[in-house]
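Residue numbers for the sequence shown follow our numbering, so the first one is 6 and each next one is one higher.
Each hint should be verified, as a subset may be incorrect.
Distance windows between CB atoms, simulated [said to hold, decoys possible]:
1. Asn-14 with Ala-74: 32 to 42 Å
2. Gly-15 with Ser-209: 52 to 62 Å
3. Gly-256 with Glu-60: 34 to 44 Å
4. Asn-204 with Ser-86: 48 to 58 Å
5. Pro-121 with Trp-72: 38 to 48 Å
In case anyone wonders, no lab produced these hints; they're calculated from the structure.
Ideal placement from N, C-alpha and C gives every residue a C-beta, glycine not left out.
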Amino acid sequence: NFIIGFGPNGNTVQARIGGRMGDMYGRVFQRVEDPSSPFFGEIIFDSNGLPVITEDVERIGNYNPDWMAGLHNGFRLGDFSLDVLLDFRYGGRIYSYTRATGSEGGILEHTLDGRPGFGGLEYTDSQGNTRQDGIVGEGVLQNSDGTYRENDIIVDVRSFYTNYYRRNNIESNSFDATYLKLREVKFGYRIPRRLFGSNTAIRSMKISAIGRNLFLWTDVPNIDPESFAMNGGTLVPGFEVTQLPSTRSFGLNLNVEF
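Work out the full structure, taking the sequences as your base and the hints as a guide.
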């Protein structure tokens, strides 16, 4: 195998025999692998109630989209015009470092679950104090005989989110990168030539209001899925590392023909 690009915390893009260019590798949740078990595929938790991740890296997906498309619509009514450009990307994966660091820092909305007033469970900590910030992860515990049972260990939300979304867990921090963008809207007005007079050299004049990157529809939380990471001056597709927020832009365009 050949490592094409390095993402954060040991996550990589690799080229392997039998694979595809753009395959992403990293550590993932350790799951029940016995197909005969009623808990097949469930996440395994340790005796402290925290999720276990694999020692070896595994393929989580590919950053390349299955397909991309653009749609341009133009409308004309007299001297007025309206142009709309849509961009659509279907498929591909993206790892979000923002998701990892925001979860461990407790600053993202999903980390409210389990806090007092947001479904937090009551439990007694190691110092004998009663707390109401407990949460139970969805998964299983392994019994001494090798069988499994549902996880029932309450842990504090800080420990849970710090471990569940740890930075080297590519599975919990990556998403389907599908998105739809309203890439550009342009509304224009062509000034009638009769307003210029017969002695002017101007043949036509058009003024337009333009907006770009106006709206984004995606299931990727907190970030723009059209993101790249940078490692040593090299762009690494499939990874996002605390990107700056995407911006909308607005402007005016004046087109004059002589």
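Hints versus structure:
Separation of Asn-14 from Ala-74 is about 34 Å and conforms to the stated range, judged on CB atoms against 32 to 42 Å. A beta carbon spacing of about 59 Å between Gly-15 and Ser-209 agrees with the range 52 to 62 Å that was offered as a hint. Range check, Gly-256 to Glu-60: Cβ separation about 52 Å, and the 34 to 44 Å hint is violated. As the Cβ distance of Asn-204 to Ser-86 is approximately 28 Å, the hint placing it in 48 to 58 Å is violated.
For the pair Pro-121 and Trp-72, the beta carbons lie near 46 Å from each other, so the given range of 38 to 48 Å is met.
Violated hints, listed in ascending order, are 3 and 4; each of the other numbered hints is respected by the structure.
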